[in-house]
Amino acid sequence: MSSGNAPPLDRLVKALTSTISLKIVMAVTGIAGAGFVIFHMLGNLQMFLGREAYNTYAEFMQNLGELKWVARLGLLGILFGHVSTAVLLVQRNTAARPEGYYTQKRKRTSVAAVYMAQLGIVLLLFIIYHILHFTGGMIHTDLGYELVEMGPNGARRDLYTHVINSFSNPLIALTYVAANLALALHLAHGATSMFKTIGFGVGRWKVPVEAIGPAFGVIVGLGNISMPIAVLTGVIGAN
Amino acid sequence: MSDENMDIKLKVWRQKGPTQAGYFEDHKVSANPHMSFLEMLDVLNEQLLNDGKEPVAFDHDCREGICGACSMVIDGAPHGPRKGTTTCQLHMREYNDGDEIVIEPWRAKAFPVIKDLVVDRRAFDRIQQAGGYVSVSTGSSPDANAIPIGKRDADEAFDYAACIGCGACVAACPNASAMLFVSAKVAHLSLLPQGQVERVERVRKMVDAMDFEGFGGCTNHGECEASCPKTISVDAIGLLNREYMRAGLSRD
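Note that the protein sequences, when read in sequence, are chains A and B.
Quick note on UniProt numbering: the first sequence kicks off at 1 and runs consecutively.
Quick note on UniProt numbering: the second sequence kicks off at 1 and runs consecutively.
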């Protein structure tokens, strides 16, 4: 059981697969994911600045070339690390209590914390759907994925119209609203939890760390949901 | 408060042995409000013995809240409804005439049921034996201020040392995680000068042992702190994570 005399490499492998190490991987990938989410939201909020600003931003992102693929593979790697550690940890946690309670009081925890894994599954399915929809254009093919317009540097994709057409469909808009509610809840617990797991949420950092999750969840939730709602209610794209 | 006896309905977990299937059994007890919870169970057992039935097995020892033996989940809460209170210090005045109380054992793979409400908590002893000690000679009690310890470190170490190893944190945790227990032990010793010699090895060995016993991991629910009869702060887990990373960065 004790690893004191094992060869150094065996000890390292053991250390990296301990519950705390897996949790740290989950936390660090979570921090990276949360960073991406806020960046993604700020980029897309340019919808509110109009067609020109949004399509210019889209053109810039599309023209990143190899850097775009580095970023995409990096994000996939982060997602893989987050999901695989989640699977391992949930298995361990479930196995740790084979027989449940007749009744169990919850004194402190939150809805978000209790349903973290389920919210994660919803988000994973949504990410696949979202990539098929906006990144790959493999579903909802009649909504203008292939549209182009003339920009200052020649022809470029008209993503603005694709987004407007997509969110004008109430079913698609509501799917995005629902998925972002799940994201908000996941972040409300996760963005606090990740700092606690890397040992940050103690002493003078306790209060800021406990505040950051719910605050982050509300900001990202409201920001992302504002776009489908704005399209659906005609605030943007009505012209 | 009334001194009148109350009629209490009990739904108690019965399990003949580790491998037998358990079930709930209903009983009625007349309990005085001044009785402790365990005294109420003593009354139940006397009743059962008089009827020629098997008494309910439950762990108890000091009955003054310091040994950590009286492990049972009362209406879904380890040690019952009162904050910072062990089962033995819980009194029947918390209840009203006619109340029904559900009593279950700690439920965790690492704490198998031995009989009825008694679980095997030796997993905690093995974690403690793995590294929760100071093996350098610390001599007899030193003169005051012979070993300078900062006020804050002394206070925190003392708070974490208050852990009685009862296992309520495991029982309360949705993941049956032992991290509050392990972190209290690690934090207590790593904050003090006497604990520095084995600081790196201690956290590694105790976390290894914790995983080996089959406890779950922390997902920051905070249920452990809310159920701890010694109100040990969940901040201990943050300190454990720090200690573990610090050990991870050390060269061996």
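Honestly, the hints are just simulated from the structure, not real lab data.
These numbers come from a predicted model, not from an experiment.
C-beta atoms are modelled at their ideal positions from N, C-alpha and C, and glycine is treated no differently.
Check the hints yourself; a few may be wrong.
Cβ-Cβ distance ranges computed for the label pairs, FRET-style [as the list claims (entries may be wrong)]:
#	chain 1	residue 1	chain 2	residue 2	range
1	B	Glu100	A	Gly203	52 to 60 Å
2	B	Asp97	A	Arg204	25 to 33 Å
3	A	Tyr115	B	Lys9	27 to 35 Å
4	A	Asn169	B	Gln20	29 to 37 Å
5	A	His130	B	Ile147	57 to 65 Å
6	B	Cys67	A	Arg204	23 to 31 Å
7	B	Ser2	A	Val111	54 to 62 Å
8	A	Tyr102	B	Gln47	16 to 24 Å
9	A	Glu99	B	Glu4	46 to 54 Å
10	B	Ser2	A	Tyr102	51 to 59 Å
Computed list of lysine-lysine pairs in DSBU-like fashion (alpha-carbon distance at most 30 Å, straight line) [stated by the list, open to error]:
#	chain 1	residue 1	chain 2	residue 2
11	B	Lys53	A	Lys107
12	A	Lys105	B	Lys151
13	B	Lys109	A	Lys14
14	B	Lys115	A	Lys68
15	A	Lys68	B	Lys28
16	B	Lys83	A	Lys14
17	B	Lys28	B	Lys16
18	B	Lys16	A	Lys206
19	A	Lys107	B	Lys115
20	A	Lys14	B	Lys151
21	B	Lys83	A	Lys206
22	A	Lys107	B	Lys9
23	A	Lys206	B	Lys115
24	A	Lys105	B	Lys11
25	B	Lys9	A	Lys206
26	B	Lys11	A	Lys206
27	B	Lys151	B	Lys53
28	B	Lys28	A	Lys105
29	A	Lys14	B	Lys11
To spell it out: a stretch of chain A is covered by chain B in this simulated footprint if at least three of its residues, at any positions, have a beta carbon under 8 Å from a beta carbon of chain B; those stretches are [to be verified]:
#	segment
30	15-21
31	52-59
32	126-132
33	135-144
34	219-226
Hint consistency between A:Lys68 and B:Lys28 [alpha-carbon to alpha-carbon, up to 30 Å]
Measuring from Cα to Cα gives roughly 70 Å; hence the hint is violated.
Is A:Lys14 close enough to B:Lys151, meaning Cα to Cα at most 30 Å?
37 Å, violated
Taking 30 Å as the top limit, are the C-alpha atoms of A:Lys105 and B:Lys151 close enough?
36 Å, violated
Assess, step by step, whether the Cα of B:Lys16 is no farther than 30 Å from the Cα of A:Lys206, and give holds or violated.
The hint is violated at about 46 Å.
Range agreement (Cβ of B:Glu4 with Cβ of A:Glu99, hint 46 to 54 Å)
38 Å, violated
Does B:Lys53 pair with A:Lys107 here, judged by a C-alpha cut-off of 30 Å?
36 Å, violated
Between the alpha carbons of B:Lys28 and B:Lys16, is the straight-line distance 30 Å or under?
This hinted pair holds, its Cα atoms lying about 21 Å apart.
Between A:Lys206 and B:Lys115, does the CA-CA distance stay at or below 30 Å?
Violated. A:Lys206 to B:Lys115 sits at ~41 Å, over the 30 Å cutoff.
30 Å Cα cutoff - pair A:Lys107, B:Lys115
It holds: about 28 Å lies between the C-alpha atoms, which stays within 30 Å.
Are three or more residues of the segment 135-144 of chain A within 8 Å, CB to CB, of chain B?
As far as the segment 135-144 of chain A goes, the hint is violated, because 0 residues have Cβ atoms under 8 Å from chain B.
For B:Lys151 and B:Lys53, compute the direct alpha-carbon distance and say whether it is at most 30 Å.
Not OK: B:Lys151 and B:Lys53 at ~55 Å, beyond 30 Å, violated.
Should the hint that A:Tyr102 and B:Gln47 are 16 to 24 Å apart at their CB atoms be regarded as holding?
22 Å, holds
Checked against the numbered hints above, the structure violates hints 1, 2, 4, 6, 7, 9, 10, 11, 12, 14, 15, 16, 18, 20, 23, 25, 26, 27, 29, 31, 32, 33 and 34; every other hint is satisfied.
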